Amino acid sequence: MKRLIAIFLMITVLLVSMCSLSGCFGTTSENNSGDDLSSSGAKSNEIVVGIAQDPDNSLDPYKMTAAGTREVMFNVFEGLVKPDSDGNFVCAVASDYKISDDLLTYTFTLRENVVFHNGEVCDANDVLYSFKTCAATSVTSAVVTALSDITEISAEGNVITITLGSPNTDFISYVSSVYIVPDGYNEQDTKPVGTGPFKFLSRSVQENFIIVRNDEYYGDKASLEKVTYRIFEDATALFTALNSGALDLVAHLTIEQVESLTNGYNVLEGTMNLVQAIYLNNAVEPFNNELVRKALCYAVDKDAMLDLTADGHGTKVGSSMYPAFTKYFDEDLAEAYPYNPQKAKELLAQAGYPDGISFLIKVPSNYGPHVDTAVTLVEQLKASGIAAKIELVDWNTWLSEVYGERNFQATVVGFDSSILTASGMLARWETGNGKNMINYSNADFDTAFALAQSTADDAEKTKHYKRCLEILSETAANVYLQDLADFVAINPELEGYEFYPLYLIDMSKIGYKE
Amino acid sequence: MKKVKLNANIFTLCGGIIAGFVTVLTVMGFFWTPYDPNAMDADAKKLAPSLTHILGTDNFGRDIFSRVLEGAGTTFIIAVSVVAIGCLLGIIIGALCGYYGGAADVILTRICDSITALPSFLLALVIVSVIGAGTYNIIIALGILFIPSFARIVRAEFAKERERNYIKSAKLMGVSDLRIMLVHILPNTKGVLLPAITIGFNNAVLSEASMSFLGIGVQPPFASLGAMLSESQTYLSSSPWYAIGTGGMIVLMILGFSLLSEGLSRNSSKI
Chain R
0 MKRLIAIFLM ITVLLVSMCS LSGCFGTTSE NNSGDDLSSS GAKSNEIVVG
50 IAQDPDNSLD PYKMTAAGTR EVMFNVFEGL VKPDSDGNFV CAVASDYKIS
100 DDLLTYTFTL RENVVFHNGE VCDANDVLYS FKTCAATSVT SAVVTALSDI
150 TEISAEGNVI TITLGSPNTD FISYVSSVYI VPDGYNEQDT KPVGTGPFKF
200 LSRSVQENFI IVRNDEYYGD KASLEKVTYR IFEDATALFT ALNSGALDLV
250 AHLTIEQVES LTNGYNVLEG TMNLVQAIYL NNAVEPFNNE LVRKALCYAV
300 DKDAMLDLTA DGHGTKVGSS MYPAFTKYFD EDLAEAYPYN PQKAKELLAQ
350 AGYPDGISFL IKVPSNYGPH VDTAVTLVEQ LKASGIAAKI ELVDWNTWLS
400 EVYGERNFQA TVVGFDSSIL TASGMLARWE TGNGKNMINY SNADFDTAFA
450 LAQSTADDAE KTKHYKRCLE ILSETAANVY LQDLADFVAI NPELEGYEFY
500 PLYLIDMSKI GYKE
Chain G
0 MKKVKLNANI FTLCGGIIAG FVTVLTVMGF FWTPYDPNAM DADAKKLAPS
50 LTHILGTDNF GRDIFSRVLE GAGTTFIIAV SVVAIGCLLG IIIGALCGYY
100 GGAADVILTR ICDSITALPS FLLALVIVSV IGAGTYNIII ALGILFIPSF
150 ARIVRAEFAK ERERNYIKSA KLMGVSDLRI MLVHILPNTK GVLLPAITIG
200 FNNAVLSEAS MSFLGIGVQP PFASLGAMLS ESQTYLSSSP WYAIGTGGMI
250 VLMILGFSLL SEGLSRNSSK I
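Protein sequence lines correspond, in order, to chains R and G. Heads up: the first sequence begins at 0 in numbering that gives the first Met the number 0, then just goes up one per residue. Heads up: the second sequence begins at 0 in numbering that gives the first Met the number 0, then just goes up one per residue.
It should be emphasised that the hints constitute simulated quantities derived from the structure, not laboratory data. Errors might be hidden in some of the hints.
[What the hints assert, rightly or not] Simulated crosslink set (DMTMM-like; lysine to aspartate or glutamate; CA at most 25 Å straight-line): (1) R:Lys131 to R:Glu186; (2) G:Lys44 to R:Glu268; (3) R:Lys190 to R:Asp55; (4) G:Lys44 to R:Glu378; (5) R:Lys342 to G:Asp40; (6) R:Lys220 to R:Asp122; (7) R:Lys512 to R:Glu224; (8) R:Lys315 to R:Glu330; (9) G:Lys44 to R:Asp306; (10) R:Lys462 to R:Asp445; (11) R:Lys381 to G:Asp40; (12) R:Lys326 to R:Asp85; (13) R:Lys344 to R:Glu284; (14) R:Lys131 to R:Glu151; (15) G:Lys45 to R:Asp233; (16) R:Lys381 to R:Glu268; (17) R:Lys315 to G:Asp40; (18) G:Lys44 to R:Asp300; (19) R:Lys344 to G:Asp40; (20) R:Lys388 to G:Asp104; (21) G:Lys167 to G:Asp112; (22) G:Lys45 to R:Asp310; (23) R:Lys381 to R:Asp300; (24) G:Lys45 to R:Glu258; (25) R:Lys315 to G:Asp42; (26) G:Lys45 to R:Glu378; (27) G:Lys45 to R:Asp306; (28) R:Lys220 to R:Asp95; (29) G:Lys45 to R:Glu268; (30) R:Lys190 to R:Glu215; (31) R:Lys381 to G:Asp104; (32) R:Lys388 to R:Glu404; (33) R:Lys462 to R:Glu473.
[What the hints assert, rightly or not] To spell it out: a stretch of chain G is covered by chain R in this simulated footprint if at least three of its residues, at any positions, have a beta carbon under 8 Å from a beta carbon of chain R; those stretches are: (34) 39-53; (35) 215-221; (36) 232-242.
Since this is a predicted model, take the numbers as computed values, not measurements. Note that beta-carbon positions come from the ideal geometry of N, C-alpha and C, so glycine has one too.
Only chain G is shown next, with the shape it has when bound in the complex:
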C-alpha cells in the first residue's frame, strides 16, 4: 500500500516539475523572447545552436528558441481553449443526459458515440475544410470534437451518482435539480474529470500540432509547434536542430501533462 502511494507521488512530482517548467517557459514567451520571433536575417540562416542562439536559427535566420517560446504559447492557448470548450459543453451535455436520462439521453449519447466512432482527425479536417483554416477555426473544430469524450465520462458519473441515497434524500428535501447537479454531483466527478482534462489537453496539443503540420492550422508566419515542425521537415538533414528544438518542446509538454494525469488518476482511483 505504501509503495503504491509513493509511485503516485513520483508521477505527480515528475509531471508537475516538467509541466511547470513548460508552463513557465510558455508564459514567459508571452512577455519576453530573446529575439523578435519573426525577425529575419539573411546572414544568420540555419545557424547551429550556440550561445547567441541556444536552439540555432531557421531557414530565414529567425531565432528558433524565440519561435519555440511563441509557438508553445500559441499551441498552449489553442489546447486550453479546446479543452475548455470540450469540457464545458461536455459537462453540460453529460450532466443533463446522465441526470435526467430518457429519450434525449439516448439520442445525445448515440450522437456522441457516432462522433467517437469516426477518426476525430478526419472529422476535424472536414470541419476545417468547411469553415476554413486559421487559429480560431481549429479551436472551434477541435473543441467540438472534444465534447463527446467529456460528455461520456460525465454522463456515466451522473447516472451512477443519481441513484445514490444522498441524492435521493436531497431530492426529498426539495433541493432543486440544478443545485443537486452543480453542488452535489459535480464535485464528485472530479476524480475522473481531472485526469480526463489533462489527457484532453495532451490530445489537444497533439491535434493542434498535427493540423498545423498539415498547413490547415496556424497560418505562417505565426509560430506554433506543429507549424514549426512542419517547416523544419525540409531542413531535417541540413539543420536538424530545428526539428529537435521544436519536437523536444512538444515531447516535454506532452510528457509533463501525461505524467501529471497518470499521477492524478492513480490518486483518485485509491479514493
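Chain R with its partners taken away, still in its complex shape:
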C-alpha cells in the first residue's frame, strides 16, 4: 500500500508542477521578479549574466579559442586600439596612432596613466613584450601571420613605432588583438591581468566566472561594480534561470525562448555575426567530392529552415561572411543554390552515388539553435535521398574531436571572426591553415587570398576578398546557412547594451538606470 500511495503522490506532484509551470507561471513570476529586481538594483551595483559555455581552460589572452571566452575577456583585455560597436578602431592603451601613407609604418603614442590590474604601470616595455609574446604564442594564426610581417618594432619614450615588411591595410585590426599585458607576468592562464575596464576576480570551473570593475581605468569607468557570469551548459537550465529573474542579462537567445519569456525583460534583436553552416570535412568520403557538396547545398531549403527554426528570423548567407560586415557581404551568394532536391539527386548520381548517401552530423548539444537546425536538416535531406544521422556531443568533445582532431564528416556550428577584418573569416580556409577544420584546399582560393593580403589599395583588396567568398560558394566548401538572429534579454532596470560586429558583450557600457 505504501508504494501505491507513493505513486499517487508522485503523480500529483507531477501534475501540480506541470500546471504551475505552464499556466500560472507568467503572472506570479512577473510580480516576484519585479520586486527582486528593484531591491537588488538599489542594494548593489552588480549583475549576473548567464552564458552557455565555460570559458577556455587557459585565460591567456593569446590562447583563447572559443568565441565565448573572447566574449567575456573583451572586458578584461585591451590592445593599443580596440573595436567599437560600429566596427571602427578607437584608441585604448594608445592615446593616438598614425599610419604612414605607404601603409608601412604605424606610430602609436602610449597613453600615460594606464595601470594594469595588478597595479603595475603600463610602459613601452610592456607593449613590446606583448607584441613579442603574442607573435610567439598566439593560437590565432591570422594574428601570428600579420605580426610575422613586422620588420622592426621600437619604443622611444612613449612612442612605439612598428614597421612592416609589406603594406597591410588590415594591420590595425590585428593590433587590436595584441592585448597588452604586463612584461614578465606568467600567470595569465589562471589569473589574467590586462588593462580593461574590468578585472578578473575568480572563476569556478563549469560554475561561474566573476569580473569586477577596474577603478583605476583610464577611460570612462564602468558603471557596474561586479559582473558574475554563471555557466549553464544546458540551454533549458539557462532559460529557466533567466525567466525566474535570477539572471539580469542573457544573450544569444532563440526566438522560441524569447516568445516564452514571461518575466517582463526587455528583448533586443541583432545578428550574431557568425556564419552558421553545415561544415563539411572536405577530406573524407563522401564530401571530398565537390559534386556531393553541391548536391547537399541544393538539398537544403534555407527559407523553410528559417521558418521552422526561428519563425523566419535570421539572415541567409552564401559564404563565409556575415551580413553585418556589409563591405564584403554579398547577398547574391545566399541564393547561389536554390532548393532543388531533383538537382541534388542528379548531382549525387553524377558523383557516383545514385542511391544517395548517408553521413553523420556531430552537433554540440549545448547550442539549441544548432541542434534544431540539424534536426530540420535531417528531415529536409530525406527528400534528396540523403540519410543524415545526428550525434550530440558536449562542447569539450566537439572541440577536441571535431575541431582539434577533425574526426567528423559534418557538423553544424557557427564560425565568427576574432578580428574585425575579412581575413578573420577567410584565413582559416587557406590550405594547411591550423584552423582549417574542414581541410579545405583550393589553389584559386589561396591565390585570391594571398593577393588580397598583399594588396595595399583597399578597393582592390576588397575585390580579392569578395573573389575568395565567391570561390567558397562555387566550390560548395560548406553548406552555408545563415547568420542567426541574436536576441538579448535584459533586466528592464538596465540600459546601455550595444551590439558589436564581433562576438562580445561590452559590460562597461551597461548600467542601472538612474
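With the hints as your guide, set chain G onto chain R.
Same frame as chain R, now just chain G:
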C-alpha cells in the same frame, strides 16, 4: 484473508489494464502512426491539441501523438532489452554464486555490492562517456547496471533453496548441477523474480528517460519519451501540451507496471 486477496486482484487488474493499454499503443506505434513522426510543417507549429492532432504539434510542426507512439516504442524496446540483459546475466551470476558459494561467490557479491553502492545513474553517465552516446550504448550501459539487483535476489533464493531437502535428495539421486539449478530451483524463484522484473522495467524506463533527457541517450530526430520531454522543456510555457502528452505517457507506463508488480508481489508473498 479474503480482503487481502481482493486488494491484490485490484492491483493486478488496474495495473494489467493500464499496462495493457500502454502496450497496445506502443505496439501500434511500430506499425502505424497517424502522421509521419518526423514530418515537419512550418505552418502547423505548436498547435494546441485538436481533432486533427490529438496531442497537438511540437516546435517543428510534428504531430506529438505520432511521436509519443514512436517514442514509447523506442523507450519500450530499450527498457525490455535492458531488463533482458540485466535479468539474464543476473540470473546466471546469482545462480552460480548462490548454488556453489565459495570464494567466487564472495568476490562477485562484493563487486555487485560496490556497484549498487554507487548511484547507478552516475555510473551510467561514466559508461556512456567512455563508449559514447546512442541508443545501443545506453542499452549496454543500463543493462550492466541492472545486473547486480537481479543477481542479489537470485543469489539469495538459490542459497536458501540449496539447503532444502528436495535439493539434497535430488543430489543424492545424481541429478546434474545444471539440471538442479534450471529445473528445480529456478522455477521456485519466480515469486521474487517476477516483481523484480516489473520493477526493473520501470526503473529502466525512467533511466532511459533521464539519460535521453540529458541528451546522452537516443539521438534526435528519433523520438524517445525522455528525449521528447527534454525538448518539450523549452516550450513548457508556450505549448504545455508537449510536456503533458509525453509526461503522461511516461506516467501511464510506470504506473501500469508498478501496479502490476505490486499485485504480483502481493500474490507471491501469500504463497
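Status of the hints after comparison with the structure:
| no. | hint | in the structure |
| --- | --- | --- |
| 1 | R:Lys131 to R:Glu186 | 17 Å, holds |
| 2 | G:Lys44 to R:Glu268 | 22 Å, holds |
| 3 | R:Lys190 to R:Asp55 | 13 Å, holds |
| 4 | G:Lys44 to R:Glu378 | 15 Å, holds |
| 5 | R:Lys342 to G:Asp40 | 23 Å, holds |
| 6 | R:Lys220 to R:Asp122 | 21 Å, holds |
| 7 | R:Lys512 to R:Glu224 | 14 Å, holds |
| 8 | R:Lys315 to R:Glu330 | 8 Å, holds |
| 9 | G:Lys44 to R:Asp306 | 10 Å, holds |
| 10 | R:Lys462 to R:Asp445 | 14 Å, holds |
| 11 | R:Lys381 to G:Asp40 | 15 Å, holds |
| 12 | R:Lys326 to R:Asp85 | 13 Å, holds |
| 13 | R:Lys344 to R:Glu284 | 17 Å, holds |
| 14 | R:Lys131 to R:Glu151 | 11 Å, holds |
| 15 | G:Lys45 to R:Asp233 | 22 Å, holds |
| 16 | R:Lys381 to R:Glu268 | 33 Å, violated |
| 17 | R:Lys315 to G:Asp40 | 20 Å, holds |
| 18 | G:Lys44 to R:Asp300 | 17 Å, holds |
| 19 | R:Lys344 to G:Asp40 | 23 Å, holds |
| 20 | R:Lys388 to G:Asp104 | 44 Å, violated |
| 21 | G:Lys167 to G:Asp112 | 29 Å, violated |
| 22 | G:Lys45 to R:Asp310 | 12 Å, holds |
| 23 | R:Lys381 to R:Asp300 | 12 Å, holds |
| 24 | G:Lys45 to R:Glu258 | 12 Å, holds |
| 25 | R:Lys315 to G:Asp42 | 20 Å, holds |
| 26 | G:Lys45 to R:Glu378 | 18 Å, holds |
| 27 | G:Lys45 to R:Asp306 | 13 Å, holds |
| 28 | R:Lys220 to R:Asp95 | 20 Å, holds |
| 29 | G:Lys45 to R:Glu268 | 23 Å, holds |
| 30 | R:Lys190 to R:Glu215 | 18 Å, holds |
| 31 | R:Lys381 to G:Asp104 | 53 Å, violated |
| 32 | R:Lys388 to R:Glu404 | 20 Å, holds |
| 33 | R:Lys462 to R:Glu473 | 16 Å, holds |
| 34 | 39-53 | holds (count 3) |
| 35 | 215-221 | holds (count 4) |
| 36 | 232-242 | holds (count 8) |
Checked against the numbered hints given earlier, this structure breaks hints 16, 20, 21, 31; the rest are met.
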